[in-house]
Amino acid sequence: MTKSKALIAIVDDDESVCRAIKRLVRSLGMEAHTFTSAQEFMQIVDGVPCIQIDCIVLDVQMPGLNGLQVQERLLREGKQIPIVFITAHEEAAVRERALAAGAVAFLNKPFNDDLFVKTLHVALKRGEKHE
Numbered sequence: 000m001t002k003s004k005a006l007i008a009i010v011d012d013d014e015s016v017c018r019a020i021k022r023l024v025r026s027l028g029m030e031a032h033t034f035t036s037a038q039e040f041m042q043i044v045d046g047v048p049c050i051q052i053d054c055i056v057l058d059v060q061m062p063g064l065n066g067l068q069v070q071e072r073l074l075r076e077g078k079q080i081p082i083v084f085i086t087a088h089e090e091a092a093v094r095e096r097a098l099a100a101g102a103v104a105f106l107n108k109p110f111n112d113d114l115f116v117k118t119l120h121v122a123l124k125r126g127e128k129h130e
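For the sequence shown, numbering that gives the first Met the number 0 assigns the number 0 to the initial residue and increments by one for each residue that follows.
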């Protein structure tokens, strides 16, 4: 059975960023769920094993668990969900670490909508290979 809409999880402690990305994702005909903390997101991922997330848009810097810690945990648990990192800070070492661990992209906020859409499509194609 083929799923009709891609499900994008947006994890960012800034609610306005979550709303903006959610609007953009929905304008592409995709489903979007937002989470304002990594802990909230991980509770859903761990608590609802049947949820099929096609891509995660993940902030790097958040209180509590940060984006890199979420990525590491998902990898440890064997969950190969494509991740697009977003950040307000340019940190080469963090970027290298995220990409080396398999992130699709590392975008700086504010980012261009067209670049985000292209990156999202690349992430979804990568995710199809892991199904």
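These are computed hints drawn from the structure, not numbers from a lab.
Worth double-checking, as some hints may not be accurate.
Pairs of lysine to aspartate or glutamate, DMTMM-like flavour, derived with a Cα cap of 20 Å [to be verified]:
id, residue 1, residue 2
1, Lys78, Asp45
2, Lys21, Asp112
3, Lys21, Glu39
4, Lys21, Asp113
5, Lys108, Asp12
6, Lys108, Glu90
7, Lys124, Asp13
8, Lys4, Glu14
9, Lys124, Glu39
10, Lys4, Glu30
11, Lys117, Asp53
12, Lys108, Glu127
13, Lys108, Asp45
14, Lys78, Glu90
15, Lys78, Asp113
16, Lys21, Glu71
17, Lys108, Glu89
18, Lys78, Glu127
19, Lys108, Glu14
20, Lys78, Asp112
21, Lys117, Glu30
22, Lys4, Asp53
23, Lys4, Glu89
24, Lys124, Asp113
Evaluated hints:
1. Using a Cα cut-off of 20 Å, the hinted pair Lys78 and Asp45 holds, with the two alpha carbons roughly 11 Å apart.
2. For the hint linking Lys21 to Asp112, the alpha-carbon distance of about 12 Å falls within 20 Å, and the restraint holds.
3. Distance hint between Lys21 and Glu39 is fulfilled; the C-alpha atoms sit about 17 Å from each other, no more than 20 Å.
4. Proposed proximity of Lys21 and Asp113 is supported: the alpha carbons are some 15 Å apart, at most 20 Å.
5. Distance restraint check for Lys108 and Asp12: the Cα-Cα separation of roughly 13 Å lies within the 20 Å cut-off, and the hinted pair is therefore satisfied.
6. Between the alpha carbons of Lys108 and Glu90 the distance comes to roughly 13 Å, so the proposed pair stays at or under 20 Å and holds.
7. A hinted pair counts as satisfied when its Cα atoms are at most 20 Å apart, and Lys124 with Asp13 does not qualify at roughly 27 Å.
8. For the proposed pair Lys4 and Glu14, the alpha carbon gap of about 23 Å is over 20 Å, so the pair is violated.
9. Taking the CA atoms of Lys124 and Glu39, the gap is near 26 Å; set against the 20 Å cutoff, the hint is violated.
10. For a cut-off of 20 Å, the pair hint linking Lys4 to Glu30 stands: about 6 Å separates their Cα positions.
11. About 15 Å separates the Cα atoms of Lys117 and Asp53, which keeps this hinted pair within 20 Å; it holds.
12. For the hint pairing Lys108 with Glu127, the CA-to-CA distance comes to about 27 Å; that exceeds 20 Å, so the pair is violated.
13. Among the hinted pairs, Lys108 with Asp45 is inconsistent with the structure: their alpha-carbon atoms are about 28 Å apart, more than 20 Å.
14. Annotation: proposed proximity of Lys78 to Glu90 is violated, straight-line Cα distance about 25 Å (limit 20 Å).
15. Under the criterion of a C-alpha separation no larger than 20 Å, the hint pairing Lys78 with Asp113 is inconsistent with the structure, at around 28 Å.
16. Straight-line distance between C-alpha atoms of Lys21 and Glu71 comes to about 24 Å, which puts the hinted pair past the 20 Å bound.
17. For the hint linking Lys108 to Glu89, the alpha-carbon distance of about 9 Å falls within 20 Å, and the restraint holds.
18. Between Lys78 and Glu127 the CA atoms are separated by roughly 13 Å; this keeps the pair inside 20 Å, and the hint holds.
19. The straight-line distance between the Cα atoms of Lys108 and Glu14 is roughly 14 Å, inside the 20 Å bound, and the hint therefore holds.
20. Between Lys78 and Asp112, the direct Cα distance comes to roughly 27 Å. Violation of the 20 Å bound is thereby established for this hinted pair.
21. The suggested pairing of Lys117 with Glu30 holds, with an alpha-carbon distance near 17 Å, which does not exceed 20 Å.
22. About 9 Å separates the Cα atoms of Lys4 and Asp53, which keeps this hinted pair within 20 Å; it holds.
23. Annotation: proposed proximity of Lys4 to Glu89 is violated, straight-line Cα distance about 32 Å (limit 20 Å).
24. About 17 Å separates the Cα atoms of Lys124 and Asp113, which keeps this hinted pair within 20 Å; it holds.
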